[in-house]
Each structure stands twice: as structure tokens, then as C-alpha cells.
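Q: For the sequence shown, position 129 (counting from the first letter as 1) is numbered 129 according to our numbering, and the numbering increases by one without interruption.
In short, the hints are calculated from the structure, not lab data. Wrong hints could be hidden among the right ones.
[As the list claims (entries may be wrong)] Here are the simulated lysine-lysine pairs, DSSO-like style, with alpha carbons at most 30 angstroms apart:
{"id": "1", "residue 1": "78", "residue 2": "108"}
{"id": "2", "residue 1": "132", "residue 2": "78"}
{"id": "3", "residue 1": "128", "residue 2": "108"}
{"id": "4", "residue 1": "109", "residue 2": "78"}
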Amino acid sequence: MQTQIIDKPVPKIAPYNEVAELIDREVHSKTLAQINVLAREYEIRNPSEIAGFLRENAFLLGILEEIPRQIRKVFGKKQNLRLAFFFDPEDPGYHRMSVGVPTSLPLKKSSSLLKKFDEEWWFENERKSGSKILIDLEFSK
Numbered sequence: 001m002q003t004q005i006i007d008k009p010v011p012k013i014a015p016y017n018e019v020a021e022l023i024d025r026e027v028h029s030k031t032l033a034q035i036n037v038l039a040r041e042y043e044i045r046n047p048s049e050i051a052g053f054l055r056e057n058a059f060l061l062g063i064l065e066e067i068p069r070q071i072r073k074v075f076g077k078k079q080n081l082r083l084a085f086f087f088d089p090e091d092p093g094y095h096r097m098s099v100g101v102p103t104s105l106p107l108k109k110s111s112s113l114l115k116k117f118d119e120e121w122w123f124e125n126e127r128k129s130g131s132k133i134l135i136d137l138e139f140s141k
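Using the sequences provided together with the hints, build the complete structure.
A: Next comes the structure, spelled out in C-alpha cells:
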């Protein structure tokens, strides 16, 4: 049996640093776009804490980007959601973000809408957040 050698052109492999730079640029560009969405969609209460938390939990950007769309499907109009960082002083490892849904609707009606949001979308998607995002109503007069 004779071995035949076939000359195939060897694909050019990009240098590691070039590939890393391209990936970094793409990730940075996507992250920047997501941050711009957050700035448009949320009133951010404590920006430096939110920034630090998102730096450690960048996977939350996608779900934070989707939450406003899903809330509008249930609550109707465009909501100026409130995003805040909080921690439990009694449990130093308990850090979360809170999404406040402002409402002036009566308690029964707004609670019913939040329950609908939870059942139709949030309960299924909350796992993606690793339980690091809480969504609740904020009542205004």
C-alpha cells in the first residue's frame, strides 16, 4: 500500500493576540450597547455599585436588557424602571439588584399585573439571573 501525500493549502492561522483583540473588541462593543440600553431603560439609583456588580456579573446584562420589553407586554406603557443595588448587612454575601416597576395603579390591579408578569415570563427566566435580580412594584402617588 502506497501512501499518497496531498498538498492542501494550510489555512492561515491568525496570531493569538490578533484573535484575542478581535474577540475583546466584539465583546466590548456588545457590552457597551447593552449598557446604553440600561441607561435608556432604567433610572439607575446607585450607579457605581451597579457598575461594580455588573463588572463581576456581566451575564446579567442580557436579562436586564430584556426585562423592560417583557414588563411593557404586561403593564402596557413604557415604564421608567428603577435599577438599584442592595446588600443585606446581616449576610455579606447577599448582593442583588432590584428592578422597581413604578405604578400608580391600585394595589390589587398592579399586584395582579406583576403576578401575570411573573407567571408568563419572570419565573422561567429568573434562573438565568442566578437569583441576583429581584423585580417588584414601586408605588407612587
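Q: Looking at the structure, which of the earlier hints fail to hold?
A: Of the numbered hints, all hold.
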